[in-house]
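Enquirer: Take a look at the letters that make up each chain.
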Amino acid sequence: MGKAAHSLTAAAFLRLVCAARIRIPVCDIESSSMTRLTRRQLLAAAAALSAARAQDAPAIPGKRPLIMHSDRPEDLETPNEALETWITPNDSFFVRQHLPRPTVDPAVWRLTVNGLVEKPLTLALADLRRLPQHKVVATLECTGNGRGFYRPRVPGIQWMRGAIGNAEWTGPRLSEILKLAGAKADAPYLETDGADTGVAKTPDFIRSMPMRKTLDPSTILALEMNGQPLPEIHGGPARLVVPGWDGTSWVKWVIRFSVAAEPNKGFFMNPGYRYPKYALPPGSPPVPAELEVIEGMPVKSSITTPVDQQRIPPGPFTIRGFAWAGEERIVRVDVSTDGGSRWAPAVLSSPALNFAWRQWTYRWTPPKPGYYTILSRATDSAGRVQPVVAEWNPSGYLWNAIDRAGVIVEKSA
Amino acid sequence: MRILLLACVISGAAWAADNPEARQAEARECTACHGLRLIHSQRLSQAAWAKEIDKMIGWGATVKNRQLLLDYLSTEYPDSKPVPEDPKSADGRSMPAKPR
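Line by line, the protein sequences are chains A and B.
As numbered in my numbering, residues 3 to 415 make up the first sequence, in order.
As numbered in my numbering, residues 84 to 183 make up the second sequence, in order.
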């Protein structure tokens with residue numbers, strides 16, 4: 003190959019690299035000098051391009067590597083191996099954002115409390131810190147966690163198991179904040195607005211919650227997450243914590259509470275985050291009049307070890323996972339290692355609390371090499387049992403079918 | 084080595100150069116509000132892509148040629164193709180998160 007052919011290739015290659023906006027120094031070289039590129043520079047560029055194609059995902063400050071479904075805004079899923087502790091550390095916790103992340107300076111941040119109240123208020127962070135601080139350990143799960151399992155597929159982020167985490171949240175109760183403002187005792191709803199706003203005509207993120215749940219002693223405005231000031235990416239300086247309810251209810255970057263006679267009519271209340279009143283045949287379009295707001299979450303368990311299609315050596319093996327039940331408690335998890343013919347109880351290792359998940363383990367010695375289908379099935383304090391088939395719905399919410407992982411047991415270690 | 088390099092270039096060209104008009108339209112019309120990864124991690128039927136495009140137009144996206152975008156999305160990212168395994172973010176633990 004002659005020099006001309008080589009340099010043409012180099013120039014074409016660099017145009018591709020630069021068009022892909024991969025930051026390598028050669029993109030800054032004037033085109034006239036492209037012909038003088040060394041083989042080493044070319045190889046570096048080739049490596050950068052192939053690495054970028056395989057793993058073109060930036061680091062997120064404060065976060066370990068997470069599955070990146072979207073980089074702007076960040077939508078990040080926790081991988082199985084980081085879901086095996088009772089408390090999910092802040093650096094591993096999943097992230098779901100609908101709108102560009104707002105910049106909120108805690109020094110000037112204010113919370114407005116208005117609507118059906120005797121005394122409208124504007125509170126600073128220090129005012130909230132002076133109220134009694136309540137701690138609650140609660141599992142936060144994205145409403146669409148497990149959407150990627152539904153067939154036919156539905157639009158939306160294709161979350162698998164990891165749009166979930168369990169943390170200790172600290173902050174004042176909503177009931178205390180509303181008492182300060184003298185909220186009308188019979189007002190039926192609380193409307194919450196976050197500081198995130200839509201670009202162009204994208205709807206603002208506003209949610210309404212019935213007063214029954216608002217005044218529950220476990221419902222708080224969290225200022226801390228796992229003993230740290232609430233990180234900005236998780237809604238800092240203040241977010242709702244609505245234990246047992248879907249993630250959409252846990253509004254981030256809260257700036258306004260309005261006590262109201264009616265629920266908000268914006269997109270994120272209707273048609274967003276609604277579920278069919280009656281089960282639909284898979285693939286059906288939604289019937290807007292027959293959708294209702296999602297509140298408490300269903301009973302569910304997940305297998306974290308093994309990961310699906312993992313190869314393991316012969317001999318004893320510990321199957322691991324977690325189970326949770328919205329506002330209820332997990333009382334039992336059963337495991338099958340033969341595709342569901344026989345079931346046996348798993349050992350539950352964390353406390354049986356409302357709102358918080360429980361870790362479970364199942365010690366298993368495969369009888370011989372080969373392929374096994376492992377299943378897990380949770381039962382809660384209300385007697386709900388995880389179903390074999392999750393109910394298909396047009397937005398892919400609330401996936402809770404029995405979890406399943408295939409495993410290959412090798413002949414020798 | 085040159086064959087390897089050439090293979091990289093050809094696959095790179097195939098990746099970057101298919102349907103450049105639609106890709107440019109996508110980059111111009113969709114990225115004011117969100118990154119392209121949000122689109123490319125989905126696999127949808129043509130009807131579902133049409134619904135998503137119309138939702139975004141309703142939310143203020145300026146789409147000059149709806150059919151161009153629809154043909155491109157339903158050809159490149161149809162529900163008949165498997166959903167890609169999304170990459171992991173790089174490690175950001177040494178970069179301080181903003182505590183608020």
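Hints listed in this document are in silico derivations from the structure and should not be mistaken for laboratory results.
Glycine residues also receive a C-beta, built at the ideal position from the N, C-alpha and C atoms.
Treat each hint with caution, since some may be false.
Unchecked claim - DSBU-like, lysine-lysine: derived pairs with alpha carbons at most 35 angstroms apart: (1) A:Lys137 - A:Lys121; (2) A:Lys121 - A:Lys215; (3) B:Lys147 - A:Lys203; (4) A:Lys121 - B:Lys147; (5) A:Lys279 - B:Lys147.
Stated by the list, open to error - Only part of the chain B face toward chain A is listed, based on derived beta-carbon distances under 10 angstroms: (6) Leu121; (7) Ser128; (8) Gln129; (9) Glu135; (10) Asn148.
Enquirer: Tell me the numbers of any earlier hints that the structure contravenes, in ascending order.
Expert: 4, 5, 8 and 10
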